[in-house]
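Under my numbering, the first residue of the sequence shown carries the number 108, and numbering increases by one thereafter.
No false leads were mixed into what you were given.
Per label pair, the in silico range of CB-to-CB distance:
hint: 1; residue 1: G462; residue 2: S419; range: 22 to 28 Å
hint: 2; residue 1: R277; residue 2: R346; range: 34 to 40 Å
hint: 3; residue 1: R438; residue 2: A406; range: 18 to 24 Å
hint: 4; residue 1: A406; residue 2: D495; range: 17 to 23 Å
hint: 5; residue 1: P517; residue 2: R474; range: 27 to 33 Å
In short, the hints are calculated from the structure, not lab data.
If you're wondering where the values come from, they're calculated on a predicted model, not measured in any experiment.
For glycine and all other residues, C-beta sits at the position ideal for the given N, C-alpha and C.
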Amino acid sequence: AIVVVIAAMVMKVFLLGASKSEAATSVEGAAGTRRREPDSPAEKGFGSPRSTAPQPQRPRRPRRQPRWAWASCCGDGRREEGGGQDSEPLRDASAFGTVDQASGGNRVASPKFCGMRMGLEPGGAPPSVEAFPSAPIGEEFPESWASLLDFVNDERALCADLRHVLKDTRGPKDPVTMLRFLRARSGDVQKAAAMYRNARSWHEGNGWEHGFRTGQIDDELHRRFDAYWKPIGLLGRDREGRPVLWDRIGTSETGNDLPIDFLKKHEVYTMTRLQQAMEELSVADGRPHMYFTVVVDLAGLGVKHMNRRSLSEYQQLVRIDEDLYPEMVKRVIVVNAPRIFDTIWSIVKYFFDEGTRAKIQIAGKTRPEVALAPFLESKWIPQALGGDLHVGSGGCDSAYCEPFIIGATPVSDDLRQSIW
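Start from the sequences and build out the full structure, keeping to the hints where you can.
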């Protein structure tokens with residue numbers, strides 16, 4: 108009864124906060140838009156909606172050869188010293204230092220962003236942890252890939268319209284980016300253009316995205332913080348061939364007491380690395396990957412996650428994803444939801460846009476492997492969730508495929524002091 112009363116009070120506060128946040132961050136244009144025909148049948152790769160001319164296919168690039176041996180990726184099972192918290196052996200990756208030491212410089216990336224390098228089938232050579240190239244967003248997408256996107260109705264022509272409207276706005280205008288913003292505003296070109304301009308203004312105002320892509324920002328603290336947050340991993344494919352992002356948010360810690368500006372910056376860092384991983388996968392597969400399927404494991408979620416500070420921080424990070432990185436999620440499948448989830452969800456669901464909420468499926472009491480079976484083959488479901496996916500051997504043994512899908516742990520005192 109006490110929990111319900113507290114939840115009702117918290118919900119009232121955060122429903123008001125969510126509505127204010129959306130009003131402050133969402134920029135809407137005029138409701139109507141007049142569609143024009145593209146200047147030419149192949150304008151910037153989108154062409155005319157009735158164009159049937161075949162588009163040349165870009166040859167596939169050979170996948171990079173791993174620079175790092177499996178042993179260097181998994182480490183030697185040492186424990187972290189200092190900070191008062193033991194790290195799991197799989198967090199201690201000697202290729203990039205201990206759990207909160209990002210040695211190796213910019214030559215390596217966190218394994219949680221590198222799982223898609225495994226290929227079309229599990230097993231074989233472990234994924235490389237080579238750093239992503241510092242290419243601008245969209246540079247790897249040839250215009251011919253517009254013909255490979257799953258345009259619906261007049262979306263192809265509307266993307267050409269959107270690109271024309273934004274011709275004087277700085278920023279990437281590749282087919283995938285245009286389609287993401289268009290769909291985020293339900294096909295309304297003017298609203299999509301307003302959303303895009305707002306996002307680009309925010310990015311250029313702080314320079315974080317560009318800095319992380321080009322290496323002009325020192326990301327050492329963020330690579331150290333990767334081992335603690337976010338508890339995610341990009342690994343495996345759904346039945347449609349899309350990548351799968353695993354989110355173990357139920358393991359997240361509260362009370363880490365870190366500055367919200369750093370958490371926002373780390374969110375941009377995380378989304379930048381995910382986009383780079385998607386771009387790299389698109390080049391390797393020879394076709395654009397616009398979406399990933401998300402599996403959220405709520406095992407460990409409890410009353411401690413209902414504190415006001417944690418919810419406020421989570422809301423601000425969600426708005427970064429919704430307003431600046433739209434339409435990257437195909438679907439969200441929530442498993443291992445505890446009883447208290449209904450109470451928490453009644454608050455946090457309003458942090459998300461309506462379109463995102465419509466993509467979320469909550470498994471309830473259904474066993475994870477059963478809930479995931481319509482979307483993923485068992486070979487891509489970690490053993491921890493009842494599937495067959497297993498990465499590593501010996502000291503790298505993990506039912507949850509660590510370090511490619513990590514869980515959260517309390518931030519070490521040393522790293523916390525470095526961040527502050």
